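**Q** Could you put the whole structure together from the sequences, leaning on the hints where they help?
Which chain is which? The protein sequence lines are S and L, in order.
Residue numbering for the first sequence is 130 to 399, as defined by our numbering.
Residue numbering for the second sequence is 23 to 711, as defined by our numbering.
Keep in mind the hints are simulated off the structure, nothing from the lab.
One or more hints might be untrue.
Short, incomplete list of chain S residues facing chain L, as computed with Cβ under 8 Å [said to hold, decoys possible]:
#1 L198
#2 E200
#3 H367
Facing chain S, from chain L, some residues (calculated, C-beta under 7 Å) [as the list claims (entries may be wrong)]:
#4 F208
#5 V376
#6 A379
#7 M382
#8 A383
#9 V403
#10 M512
Because the structure is a prediction, the values reported are computed rather than measured.
Backbone N, C-alpha and C define an ideal beta-carbon position, used for all residues, glycine too.
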Amino acid sequence: MSAPAGAEPSGFLWAAGPVAEMQRAHFFQIVGWMAVVVVPLFLALPVILWRYRAGAGDTYRPEWQFNRLAEWAIWGIPILVVAVLGVTLWRYTHALDPYAPLGPDPLEVQLVLTQDDFVFLYPGQDVALVDRLLIPAGRGLRLRMTSDSVMQSVIIPRLGGQVYAMAGMVTELNLQADAPGLYQGRNTQYSGRGFPGHVFTAEAVAPDSFDARLAELTEGAPALDPGAYDRLLSFGDHGPRAYAGLAPDFFERVVEKYAGPLHAMEKASE
Amino acid sequence: MNWLGILEWHDIVFLRAWQHPSSSELVAAGAGGIVVLGALAALLLITAKHWWRPLWRDWLTSLDHKKIGIMYIVLATVMLARGIIEANVMRLQQLLAVDAPGYLSHEHFAQLFSTHGTIMIFFVAMPLLTGIINFVMPLQIGARDVSFPLLNAVSLALTAAGAALLMVSLVIGKFSTGGWSGYPSFTEKPFSPGAGVDYWIWALTPASIGSTLTGLNFAVTIYKQRAPGMDLFRMPLFCWVSLCTSILMIFAMAPLTLATLMLALDRYAGFHFFTNAAGGDVMNYANLFWLFGHPEVYILILPAFGIWSEVFSTFSGKTLYGYTSLVYATMAIAVLSFTVWLHHFFTMGQSADVNAAFGMATMLIGVPTGVKVYDWLLTMVFGRIRFRVPMLYANYFLLTFVLGGVTGVLLANPGVDFSVHNSLFLVAHFHNMLIPGTLFAMFAGFHFWFPKAMGFRLHEGLGQLAFWLLAPGFLLAFFPLYALGLMGGMRRMAVWSDPSFTPWLAAAMLGAMLILAGLCVLALQLVVSIRQREALAVPVGDPWDGRSLEWAGPAPPFEWNFPVPPEVRSRDAFNDMKRDGRAHSAPERYHDIVMPKNSAVAPLLGLGAAICGFAVTWHIWWLTIASLLGLMAVTVARSFVTNVEKTIPADEVERMHRAWLDRASATPAIPRRLEATTDNRGKAEVPGT
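**A** This is the structure:
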């Protein structure tokens, strides 16, 4: 397994970027509002059970079945809470749109998922990293994804996510790390025997050392030619590795492999 | 030509274990052994006790809705045992597999989560609720049977055929690893080449067709068979939820049948509905599946809401608070359930506008659901609450269900869903809804209506003990999963790399064991109750001071339910009859009663469907064709049978009914405080009369 030993929790509650931070804030906001509906039940139930238990001798009105005030409360309060939550949902859903770029100049990375590996392509730098994502801290990342295999779903819990990657289609995930560090990412959609180990490491480095680190990782690496790529597609986890040299339309070719004539027609009509 | 299709000797689980004796294969062989030995033991017992004839005559060929309902519940019970054992096997694997391989192979683990989900949804929850509706609803509306008794038996047979195929898959071959939702493209031929996905397809297809037919049958029954005076707004709430569930079944099962058949065409005939290439689109599958899948959630929960309504009202000795609100809330939930399917894949890349619209629609369902919770709470106000077993489950449900509601609202928010989709947080959420919601409702309903069905109560003490094992068991088994999900733990993981998960997984393991223990106590309770059936008998038929018509007759009920259609003047019809002194009275005149005759059609169709499913799974084409021809032959032959009804003469009806009336008048009525004692013979004391 190529994951770092998970000494620290990797959930979004331990947010390390603006997306996960906003998800966490949204999470607790909902819990707070829902308490308005839930807490009264927890307070009232024990009282009611005690007071109206058989043999307690409290008022018994077997035909009582309606009270206008109670009716207003039990419809009105949930409606108000859902109305408030609806507004926050609309706002947060747009703020957390995974397609919305973070910052004016996000780093463009493409991701091809094979059945057991993550292949990150850096078209600007002409290099590729397997099971390792290098990003500059404090700068947005625009990850465009597709699958060269079954449908999968990509998340880096402490930074944010997740979005599906599907063959013949391109989806997008915009993320950002606040500070340098290692963050585990993974596929969450069952993809076969290798699924538990279908992880990668996102390494965030200071922006000024990004180029040097990328060069260091890919120095002397072979090109990602068709032969090398076919070996990646073969079964099994191939672990972190690097490639220098990349066909310029590598990503598009993977997409079009599946999209076929239909996709070409759609493109022509655009 | 190969007479066995693609089936080979080493597909048999025992030979596999012999050839590759790993711990994983030995567990599989053990499971296969339980199936084979269990089946053999059942056959021997039936033969030794000479039960074949009564089994065939009184049960398998019976078209009586009550017996069909009971058979649904028996089927579900067998499958529930398997589902819970599988859950424990998986829990143990996850506990042992922190930075270690555990004792199951990844593939075996994947088969287990696939069968567990498939079984629990389609062969436990669905048969349980279908069985209970089958038994209760016609009695509650004052009908003699459902509108289409033979169709009812056929639905059961088709469901049983699917269940049989699932059991066979434990012995021959391997099951799908694609989860209960069977998402392509993973379940397409290139990625799942074996017979496993085909097992899944052919187990689900007959069961889903059976459910569609059940929905039609129940809906027509409720519309057409109600007793005189039983207006829609006088129906017990359980009948309302049955109606809504039926409507959901009619419209929601079809997309599933379609999706599995389209997947079958992809796999067998080289079609490209959901493949990666050649214009196939996995997103179409996701839409079709959840177009079924979300209404399905409410198919599972609405009957539970009906049971809770009956339980809160009966054991508070009080009419339901906010009946009209509850009816409208139920209808609102049923309608809204068709508008939210997209929330199962917020993560598929659609725009924020689309996600937000579906997220808000989802949260909207929280409103009628919240109303229901408070209606039940207020039903207890001004009541006299009796803590019988169903009432324990009911109150536990209120407390835990609202917590599941909170996590449901969280998941309805796309922003939050992005971070916990596919995680154990989600797994915890839906178990939170389906165990205290659906399963415990079925247990409550089981305790509640068992005396009516069988003529004796279940042992109260053992029922309470089972509850006190199941209640903490559920909390321990699933609340740690919320925490694990927030810590980044994903679903369907055969092994873990994070040691901080261990304590949470250990707690969950303990919870799963408590649930298994609870199930064992329920089995013990059944045995003890059967042995003490004389002492626990409630022949007069009203052990709980019931309020609706199913309690009006003896326990067990007459085959024909009511000697004459009861006259309904209000809601809580039987309660009012008791107050007016109309209960336990003879009609002015008795009439001949026409009832459906027994029919072998349903068991034959079920057998044919099971054989056909097996044959097509293993590409045994001659057998596929033969079984299809058999299915057609049985159907055609039935259409020539004109003598399908029997008449029970008025004298016979009168004799049986008067015998029961005599017994009722000789039985002392008991006050509620003696309800759980052997003084309870099924006649309730009515205060003020």
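**Q** How about S/L198: closest beta carbon in chain L under 8 Å, or not?
**A** violated (11 Å)
**Q** Against chain S, is L/M512 within 7 Å by beta-carbon distance?
**A** With a closest approach of 5 Å, the L/M512 hint holds.
**Q** Next item in the hint list is L/V403. Is there a CB on chain S closer than 7 Å to its CB?
**A** holds (6 Å)
**Q** For the hint on L/A379, just tell me whether its beta-carbon gets within less than 7 Å of chain S.
**A** violated (9 Å)
**Q** Close enough to count: is the Cβ of L/A383 nearer than 7 Å to one in chain S?
**A** With a closest approach of 10 Å, the L/A383 hint is violated.
**Q** Hint validation: L/F208 versus chain S, beta carbon distance must be below 7 Å. Holds or violated?
**A** Constraint on L/F208 satisfied, holds at 4 Å.
**Q** Double-check S/H367 for me: the hint is only fine if its C-beta lies closer than 8 Å to a C-beta in chain L.
**A** Constraint on S/H367 not satisfied, violated at 18 Å.
**Q** Hey, does the L/M382 contact hint survive, CB to chain S under 7 Å?
**A** holds (5 Å)
**Q** Under 7 Å is the threshold here; is the Cβ of L/V376 close enough to any Cβ of chain S for the hint to stand?
**A** violated (10 Å)
**Q** Can the hint on S/E200 be confirmed by a CB-to-CB distance to chain L that is less than 8 Å?
**A** At about 7 Å, which falls below the 8 Å cut-off, the nearest Cβ of chain L leaves the hint on S/E200 intact, so it holds.
The structure fails to meet hints 1, 3, 5, 6, 8 from the earlier list, while all remaining hints are met.
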